[in-house]
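Chains as they are written, first to last, in numbering that gives the first Met the number 0: chain A, 0 to 319; chain B, 0 to 413; chain C, 0 to 408.
Hints are computed from structural coordinates only; laboratory data are not their basis.
From the three backbone atoms N, C-alpha and C, an ideal C-beta is built for every residue, glycine too.
Where hints are given, some of them may not hold.
Stated by the list, open to error - Pairs of lysine to aspartate or glutamate, EDC-like flavour, derived with a Cα cap of 20 Å: (1) Lys306/B / Glu70/B; (2) Lys116/B / Glu159/C; (3) Lys59/B / Glu24/B; (4) Lys116/B / Asp144/C; (5) Lys216/B / Glu122/A; (6) Lys116/B / Glu145/C; (7) Lys326/B / Asp350/B; (8) Lys185/B / Glu261/A; (9) Lys185/B / Glu135/A; (10) Lys277/B / Glu122/A; (11) Lys263/A / Glu208/B; (12) Lys277/B / Asp127/A; (13) Lys326/B / Glu345/B; (14) Lys339/B / Asp124/B; (15) Lys277/B / Glu394/B; (16) Lys185/B / Glu203/B; (17) Lys173/B / Glu135/A; (18) Lys116/B / Glu153/C; (19) Lys59/B / Glu304/B.
Claimed, not checked - Partial list, computed: chain C residues near chain A (C-beta under 8 Å): (20) Ile114; (21) Gly117; (22) Ile118; (23) Ala124; (24) Ile128; (25) Val129; (26) Gly287; (27) Val294.
What the hints assert, rightly or not - Residues of chain B placed beyond 12 Å of chain A at every Cβ, according to the derived structure: (28) Gly94; (29) Ser293; (30) Ser404.
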Amino acid sequence: MDLFFVNIIDGLVFGLLLFMLSSGLTLIFSMMGVLNFAHASFYMLGAYFAYQISTVLGLGFLAGLIVAPIIVGIAGAGIERYGLRRVHQYGHVPELIFTFGLALLVQEVVKLFWGQNQVPYAEPAWLDFALFNIGENSIEAYKVFMILISMLIFGGLLYILTKTRIGMIIQAALSYPKTVEALGHNVPMVFMGVFGVGTALAGVAGVIAGPALGTFPGMAFTLGSIVFVTIVVGGLGSLWGALAASLLIGWITTFAAAYNFEFKTILLALGMEEPALIWDSKLRDLWTLTLPQIGPILPYVLMVAILVFRPQGLMGKREA
Amino acid sequence: MRKSIKLGVSAALAVAITATAGFAENIKIAFIDPLSGPFATTGTNGLAEWTFAADELVNKQGGVLGGTNFEVVAFDNKMSGKESLVQLQVAIDQGIRFIAQGNSSGIAGAITEAVNKHNRRNPDDRVLFINYSAVDPALTNDNCNFWHFRFDANADIKMDALTDVMAQDDGIEKVYLIGQDYSFGKAVAAAAVRDLGNKRPDVEIVGNELHPIGKVKDFTPYARKIVASGANAVITGNWGSDMVGLGKAIIDSGFDGPIYTYYAASNGITRTFGADGKGTIRLVAEGAINPPASDRAAAYVEAFEAKYPDHDISQARIANAVEMLAKAIDEAGSADDVVKIAYALEGMEHDSIWGGKLYMRPQDHQMIQNVHIQQHTDDGVTFPLDNSEYGLVVESTVEMAAMDSPTTCKMDKP
Amino acid sequence: MRMLMPWIVGAIVLLVLPIFFGGRSQLTIMSQMSITVVFALAYNMLLGQGGMLSFGHAVYMGMGSFLCLHVMNMSSFGSFPLPLLPLLGGVFGLLFAIIIGSFSTRSAGTVFAMISLGIGELMAALVLIVTVFFGGEEGISGYRDEGLPFFGIEFISNLEVYYLIAIWMFIAVALMYLFSRTPVGRMANAVRDNPERAEFLGYSARRVRFVSFAVSGFFCGVAGGLSAILFEIATESDLNVTASGVILLVAFLGGIGFFWGPIIGAVVFTLLQTVLGLQTHLWELYLGVVFVGMVMFFPAGLSGIIMAHVPAAKMGKLGTLVGPYLTCVLPGILGGLGLAALIEMIFHVRSGAEGEHHMVLFWIDFSTHDVLPWLVALAVAVIGIGLAVRNAPNFKAAWENASTLPEAA
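So that you can see chain A by itself, here it is in the shape it has in the complex (with noise of 0.2 Å):
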């Protein structure tokens, strides 16, 4: 029963890690139909800017998680104005494969100027001890406080997006560009502006899981088709629905990862017999099989799914 506890914070931590990468993927889908590759990649760079400015410049954590995000959004920004709004007169498969393109080339960069190793990039010290003990098991004060800063970040991004002026023309960007636009607002502004905070909030995810989950040129790679299936099985332009489908993923895959089912208790209730020489049988893969080693591709499992039966997501109104 403890360890049960201890899944359910594991999950949480990694599901709201999760929600920071796809609120910010969902928006940007919502708005401009992109499907951003690259996002992952600000993740990336959000952790290795951090790196650089908490312990290579030696400015101290905090400073890495403020400065940093808003490099990554600024570049965000960037990115948006000076490529994808030009490749976005093409079409979409070319977006698409601009922002692939982009992934390659962020993760390339990154090489480049930190090279191919995992970099030292680590808690602050005064996160850096157990909060508390379930059982055995110690929750570091560094897991709390990512689930704290995720959930500041989900209250003020609800809060801007319902209850602000900004929030109102946003929203009705998405649904009615035109009409926005001709209502005075400057809508290519609002674009750029809202891809500069996905992307920074990507930045925000990067800084604080680097330390967390590692810091090394692949880290965007890893995560970076999980996020699509997030806002995918969500809903595309939900943001609740991305909370939702975050943190589903985030406990589908720690219960996974935690609970050693074993497949061959299904086969032997179906009335088969276990083969004495388990490696000779043609079913040697099933009768070995245990959840953990299928945990990191249920995600999948589950947004083919979605696709199939409810294509538009868990919370999202209209069709993927």
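Mind docking chains B and C on chain A? Use the hints.
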């Protein structure tokens, strides 16, 4: 710029072939490993070690066959099996007779198979495969062939040595096995279960699981399970970011027993573990640089660190491979007759620069050598890794590990 | 006859290439190129002609590859002629595409793209889990020369294999071309451009997409079979998401707007990867730059650039472009090379051995610790790019002038 553009394709293809040709007098060794992409660090580090060993241990000692030098030619296989096979052919077309590769047993399997096919189909320009790092036991068992020589201790031998040492430790009662879901990870787990069962039947294996390779974003849930299982030792064959992620998660979750690993050092891993890993991370490997075995070994490492400050001697066996290859060429009296050279290598005994004896077992071409259990620490480290204060120090040594271990290898010898 | 000319020329080129490039590795690289051509064209049946973006298309090629290797490893392979093997791969690719296509082609656009991504990730993961069929990360390997000799040919040498692959490639390209001329192929274009209208005309958009998808799967399978013959091995890296991403880049590099675009893409990409890979460890960086630049400035790909010259050529104005090319494009390329030289030098200084200052770049030997090479590279980069930027308006004007009809002519 040279003006040789006849047809776009023709020039480019010609460049591909002639680019590195030109030093016909040297004996060339094709180094086929990842030099770009996510695994490039391991590859470039290996290349530095090969180049340095060839210069220092052969060329500066007067070369082989009375004055011929070794030259290491690099080929980037981009960590892909097919690309390796293409590069292998480019190397053979350049007249190279010695193929060195080590990263990934899957690619080693593809190369050993391709070399075997090539040597069968082209008896006039046969090549030898010097496997300096791929440790899947199958390469010297079911999939062995006459042209393949392994200079690393294979996964079974390392586990044999590791469990010899673990068996002495009465504090170990519960062991957790975790690894990447592929042949090597499975081989480590199977060997651990077998060897612990034989040597310490009282030790309980409280967990034995595999996770997808390179796909796990967050290792925390695995670590929680390990802590909750009450294990007091962990064995893992993980490498790369899977090793760092797993190790960090286990330590962060409050585990303080030993974590026995195969690859938790160098390439940024030592630096990332830093103080957290002290007292927990152990590593089983052949060859050790701390404490230095001799003045010669110390001078060698010093010279290497001076020349390549960003790299480490992390694969000590490369020096062994270079020395033994030179010795075999001298014995055979030819650098072209690879059959003769292979026979010279078979059964060769040699004193390693890292101390201890080396013996290339003739029945399966598996090197038998001392295997060490080393500790990640900053105490008594003469040569740290990753430009940090931390490094590996030998804790215990198993001499000529698994000397008489059985093999299923049946090779056809020409 | 005019229609057949490109095919005849192509056939002759394929036939005589080995005379000039007879080395084993050269033959292998050319064979690899041919396989990529088949794969890229099959991919473009979806992307270019059907407007369907797939992120998991390597799955169908990989499945064909694995099946063919299993056939090679059967005891009855000795009575099976090797040249027919790709056909089996194709059938397997087709079957697999029918299964997946039955639900993934229900809608186009994002839903299709995301399903293909999910299937791609799932299959790549399954390869490592289901070792009975896929052999884990070592994959499955076999011997091509154990098949039934085909008119005495055993396919031991690379030359025999090259011709086998080249012939298959020729046939596959011809068939794919013919397919694009059939009513179904034409309807694929219609469904791509305006599905509602196509539906209104009585065509089921979904069925058209399904047929394109299945046929594409067949040719992917053929490419997989050819790859099984050439490399005699199939592994996870043949069908993972990276492989699928690469073929998207290949098709796009060549240009998805023309049938023959991906052919150029496949040839150029294979050369870039193999040749550039031998020259520099930073080839992925340059690849990234090329793609981002390409999509920003020439979204129609290499074939689009070539075809843009056709109107000018038809009006006999190609000559007027020579000057602008020399003053704008040439300096741009030189400037780019200068920039690349700077990057290479920085990389060399950062990652080279201590005391190892000697470096060879563009066949020039120099020391990275001299000032002169840096100055030269910097000057070439700045002047080249500067000239290109300065002359860009002229170039644009000349270009517009060359490709439009003279006024009031």
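Now the hints, each set against the structure:
1. Lys306/B / Glu70/B: 17 Å, holds
2. Lys116/B / Glu159/C: Judged against 20 Å, a Cα distance of about 16 Å means the pair holds.
3. Lys59/B / Glu24/B: 16 Å, holds
4. Lys116/B / Asp144/C: Distance of about 10 Å is within 20 Å: holds.
5. Lys216/B / Glu122/A: Status holds; Cα separation ~17 Å.
6. Lys116/B / Glu145/C: The hint holds at about 12 Å.
7. Lys326/B / Asp350/B: 12 Å, holds
8. Lys185/B / Glu261/A: With Cα atoms ~16 Å apart, Lys185/B and Glu261/A stay inside 20 Å; holds.
9. Lys185/B / Glu135/A: Not satisfied, since the Cα-Cα distance of roughly 28 Å exceeds 20 Å.
10. Lys277/B / Glu122/A: 17 Å, holds
11. Lys263/A / Glu208/B: Status holds; Cα separation ~14 Å.
12. Lys277/B / Asp127/A: Satisfied, since the Cα-Cα distance of roughly 16 Å is no more than 20 Å.
13. Lys326/B / Glu345/B: 12 Å, holds
14. Lys339/B / Asp124/B: 13 Å, holds
15. Lys277/B / Glu394/B: 13 Å, holds
16. Lys185/B / Glu203/B: Status holds; Cα separation ~19 Å.
17. Lys173/B / Glu135/A: Measuring from Cα to Cα gives roughly 16 Å; hence the hint holds.
18. Lys116/B / Glu153/C: Cα-Cα ~14 Å, so holds.
19. Lys59/B / Glu304/B: Roughly 18 Å separates the two Cα atoms, so the pair holds.
20. Ile114: OK, holds: Ile114/C within 8 Å of chain A, min 5 Å.
21. Gly117: Check passed: Cβ of Gly117/C comes within 4 Å of chain A, closer than 8 Å.
22. Ile118: At 7 Å from the nearest chain A Cβ, Ile118/C passes the 8 Å test, so the hint holds.
23. Ala124: Where the cut-off is 8 Å and the nearest Cβ of chain A is about 4 Å from Ala124/C, the hint holds.
24. Ile128: It holds, given that the least Cβ distance between Ile128/C and chain A is near 6 Å, below 8 Å.
25. Val129: 5 Å, holds
26. Gly287: 4 Å, holds
27. Val294: Holds - the Cβ of Val294/C comes within 8 Å of chain A, reaching about 5 Å at its closest.
28. Gly94: Gly94/B is indeed farther than 12 Å from all Cβ atoms of chain A, at 32 Å.
29. Ser293: The claim holds: Ser293/B sits with its nearest Cβ about 30 Å from chain A, beyond 12 Å.
30. Ser404: Holds, because the least Cβ-Cβ distance between Ser404/B and chain A comes to about 20 Å, which exceeds 12 Å.
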